[in-house]
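Residue numbers (my numbering), protein chains in the order written: chain A, 1 to 342; chain B, 343 to 535.
Keep in mind that the hints were calculated from the coordinates and are not lab data. There could be a bad hint or two in this list.
[As the list claims (entries may be wrong)] The calculated DSSO-like cross-link candidates involving lysine-lysine, where the alpha carbons are at most 27 Å apart (straight line), are:
#1 A:K306 <-> A:K329
#2 A:K71 <-> A:K132
#3 A:K312 <-> B:K478
#4 B:K409 <-> B:K392
#5 B:K478 <-> A:K329
#6 B:K409 <-> B:K438
#7 A:K322 <-> A:K306
#8 A:K329 <-> A:K312
#9 B:K478 <-> B:K392
#10 A:K322 <-> B:K478
#11 B:K392 <-> A:K312
#12 A:K322 <-> A:K312
#13 B:K438 <-> A:K329
#14 A:K306 <-> B:K478
#15 A:K132 <-> A:K172
[Said to hold, decoys possible] Per the computed footprint, the stretches of chain B lying under chain A, defined by three or more beta-carbons under 8 Å from a beta-carbon of chain A, are:
#16 396-402
#17 426-436
#18 458-466
[Unchecked claim] Some chain A residues well away from chain B (every beta-carbon gap over 12 Å; in silico):
#19 L46
#20 A80
#21 R95
#22 E121
#23 E171
#24 R175
#25 R193
#26 N218
#27 A231
#28 E264
#29 R294
#30 K306
#31 S327
Just so it is clear, CB atoms sit at the ideal spot from N, CA and C, and this is done for glycine as well.
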Amino acid sequence: MTAASIESAEGAGLPGAPIGLIGNHPSIVRLRELIGRVAATDSTVLIGGESGVGKEVVARAIHAGSPRASKPFVPVNCAAIPHEMLESEMFGHERGAFTGAVAPRQGLFGAAHGGTIFLDEVGEMPLALQAKLLRVLEDREVRPLGANRGVRVDVRVTAASNRDLARAVREKTFREDLFYRLQVVPITVPSLRERRSDIPMLVEYFLERLRTRQGRRNWSVTEEAMASLWAYDWPGNVRELENLLERLTVLSDRDEIDVEQLPEVIRAGIHPAGDSRPSVALDERGVDLSAVIRNLEGRYINEALKRTGGNKQAAARLLGLKRTTFSAKLRRCGVIAMDGRA
Amino acid sequence: MRRNSDGRAGVTVKTLAAARRKPLTRPAVRRVMVVDDDPDVRKVLALLLKSSGLNAIEASSGAHCLKLLASTRPAVILLDLMMPEMDGFEVCQALKRDPTTAEIPIIVVTARDDSLSRMRAARLGVSDFLVKPVSKERLLNRVRAQIELLETMNRTQAAIDRLTAAPQVSPLVKERGRPRARVQRARGSLQGG
């Protein structure tokens, strides 16, 4: 997997336009500008944001905009490599450093010499290795396993984590000194739901890409389906949207993606009141049942007010409530009616 | 809810004066502009924002909004679509055309619940779209999300500024009474961009 990741970095096949950075949302416009500025410096960058927002895309954009652009970009997923192998993968090893080390190996830092290394999921790195990484950042030198002397490396470090590293520092699972070393410039990539207005543009972009890749059809999304895509919260962010569109275009025999083809969870998202339908999916994180009930009440109250043009008496009747009970619920749910009255 | 004789909510004048005292080109992160022709809606939204520690500036029309923006920079604009004379879409267009206001996130708060309006708003670069009636919690969450985004971007920008600031510029930064933006421009030009 390591060889593959270096290859993908060195090959010219950087995925064309930077996907995660497509959009018109003010935050993305500003992020692009900030990336351009930080790329020109040689500073270490710590990229935060939920999974699927495109943290690696940002790291690649920083690399591509930097004077190191012609040198390798080496992504390392610290969570995907077994802990006991991570050190030799990152820093390399000498022949005979451990059983099975029949030939010396350069390591990913060495492979990134002159270029940029991207340490994804850096929060998953074991503490012992964190100390070694800190030394690399301070001395600009790596010491391969079994070697007596360090080797100078010229590498720009970018790192990312979807965990709150400041909290990991408080919980003593991440070294404070390393945290400050990494976060010289902190960048947070916004989640897709924080920049919903970019969804139509991203949909068009992905469909266009799928069209050129598969070279046959002109996919489009109906307005109604687009409204559902807009309303959905996208916990898996841009990656989830991309995967969904890919699946839909593969499975569909029609050119038009309509709302019926969307997964239930996305279709449920669109509601006349614009509120999301509470799902009964229960996972290990549990659920705040009273909040769910309040949400449901709020949605019925919204709908009733909407149907009665804001007449509370009539809305209460629709819901089989006394006006006083209705008003109390209205206050509790905190609904802003169309006429502004709470 | 009672209207003033001129049909506007009374808070406007006061907030406008406050805004004049302290002109800002950088957005004040706790300031939210509410643009709606219905004074009741404005009032409710303003109270709601204030209750969660945000300052509200009220604008009673698109033209009023543009006029206020000459002297104040809110972190977020809550914009109604259906307004007489200049509708919300036109306001959006005007805001996005002007580079000094183009980056202010706009949250549309409207009774129009059709996908055409949504799409049109998206093309115009609005940040979010909420349909009335909307729950207070939802509205505040969306406003806070935009403000938090702004704050994280500000943090990144500050870090880059620190990094790229030329040391000889520092006396300028300490100079009193000089608007921050001008100092920053000066700093930028010294570095050659």
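Status of each hint after checking the structure:
{"no.": "1", "hint": "A:K306 <-> A:K329", "result": "holds, 16 Å"}
{"no.": "2", "hint": "A:K71 <-> A:K132", "result": "holds, 24 Å"}
{"no.": "3", "hint": "A:K312 <-> B:K478", "result": "holds, 18 Å"}
{"no.": "4", "hint": "B:K409 <-> B:K392", "result": "holds, 22 Å"}
{"no.": "5", "hint": "B:K478 <-> A:K329", "result": "holds, 13 Å"}
{"no.": "6", "hint": "B:K409 <-> B:K438", "result": "holds, 15 Å"}
{"no.": "7", "hint": "A:K322 <-> A:K306", "result": "holds, 18 Å"}
{"no.": "8", "hint": "A:K329 <-> A:K312", "result": "holds, 11 Å"}
{"no.": "9", "hint": "B:K478 <-> B:K392", "result": "holds, 12 Å"}
{"no.": "10", "hint": "A:K322 <-> B:K478", "result": "holds, 23 Å"}
{"no.": "11", "hint": "B:K392 <-> A:K312", "result": "holds, 26 Å"}
{"no.": "12", "hint": "A:K322 <-> A:K312", "result": "holds, 10 Å"}
{"no.": "13", "hint": "B:K438 <-> A:K329", "result": "violated, 40 Å"}
{"no.": "14", "hint": "A:K306 <-> B:K478", "result": "holds, 16 Å"}
{"no.": "15", "hint": "A:K132 <-> A:K172", "result": "holds, 17 Å"}
{"no.": "16", "hint": "396-402", "result": "violated (count 0)"}
{"no.": "17", "hint": "426-436", "result": "violated (count 0)"}
{"no.": "18", "hint": "458-466", "result": "holds (count 6)"}
{"no.": "19", "hint": "L46", "result": "violated, 10 Å"}
{"no.": "20", "hint": "A80", "result": "holds, 27 Å"}
{"no.": "21", "hint": "R95", "result": "holds, 41 Å"}
{"no.": "22", "hint": "E121", "result": "holds, 20 Å"}
{"no.": "23", "hint": "E171", "result": "holds, 22 Å"}
{"no.": "24", "hint": "R175", "result": "holds, 20 Å"}
{"no.": "25", "hint": "R193", "result": "violated, 8 Å"}
{"no.": "26", "hint": "N218", "result": "holds, 18 Å"}
{"no.": "27", "hint": "A231", "result": "violated, 9 Å"}
{"no.": "28", "hint": "E264", "result": "holds, 19 Å"}
{"no.": "29", "hint": "R294", "result": "violated, 9 Å"}
{"no.": "30", "hint": "K306", "result": "violated, 6 Å"}
{"no.": "31", "hint": "S327", "result": "holds, 15 Å"}
Of the numbered hints listed earlier, those contradicted by the structure are 13, 16, 17, 19, 25, 27, 29 and 30.
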